[in-house]
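A.B. asks: Chain residues, written in single-letter form:
Number of protein chains: 2
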Amino acid sequence: MNFYDQLKFNSEGLIPAIVQEQSTGRVLMMAWMNRASLEKTLESGRTHFWSRSRQKFWMKGESSGHVQQVKDVAFDCDGDTLLIQVEQSGPACHEGFKSCFFRSSSDGGRTFRVTEPQLETPEQMYGKK
Amino acid sequence: MNFYDQLKFNSEGLIPAIVQEQSTGRVLMMAWMNRASLEKTLESGRTHFWSRSRQKFWMKGESSGHVQQVKDVAFDCDGDTLLIQVEQSGPACHEGFKSCFFRSSSDGGRTFRVTEPQLETPEQMYGKK
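As given, the protein sequences belong to chains A and B, one line each in that order. Quick note: the first sequence, position 115, residue 115 per the working numbering, numbers continuous. Quick note: the second sequence, position 23, residue 23 per the working numbering, numbers continuous.
Chain A on its own, in the form it takes in the complex (with noise of 0.2 Å):
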């Protein structure tokens, strides 16, 4: 059975995508994919994705550089999200961080606190507006 028969994409044509880096287990990111930026990432060997803000396909690292290259595509029980093991160049994260879940609350959500150090500013990672 083909790999995409068992993917269900949403009413949207969407499914996500979690992103791991392999080398580590730090969960970088979660986006969204249709089809095509599935396609390609496979075909590629390096990540894209759908933005659903700007409504526009895109790849990982385009802009900045911080590149995704893909090791293992991992599908759940009902095929409705991926998880993909990457290997990261650079932070993941546009706010500079290697992860964007950055800040995580380990006291029932009274407080958060940001729990990795900040490897670039967004301006060395894409200049100055």
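Identical copies go unnamed one by one, so any copy, or any two together, can satisfy a pair.
Straight-line C-alpha distance at most 27 Å; calculated DSSO-like pairs for lysine-lysine:
hint, residue 1, residue 2
1, LYS8, LYS56
2, LYS8, LYS98
3, LYS56, LYS40
4, LYS98, LYS40
5, LYS98, LYS71
6, LYS8, LYS40
7, LYS71, LYS56
Keep in mind the hints are simulated off the structure, nothing from the lab.
Use these hints to put chain B onto chain A, whose structure you have.
C.D. replies: Frame of chain A, contents of chain B only:
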């Protein structure tokens, strides 16, 4: 600033929650939460979700006993995805695997394979139907 003020629920009042096993880094599942299930998760220390297909509030493990003890709740740069660290009792997947992401492709989608052992059968977990 309040934890909840950082979060953006979608037009259906939901936010996707990635669940990761803290001790191993294994991503176990992705499910959706509404505000009530997130509050219950933070208050009780056990994960609660909102089932879109059943339109129902549920606690992970309510039928199987395979509950998730919450260790940390992170949110991403856009505030529209959660990453929850847990200790998982038994398999997380209703098909009896540790992780719902038990199938993957590492050859660009040409083939996929089961990557972990099935720990229990659904019959063992839920009884014969």
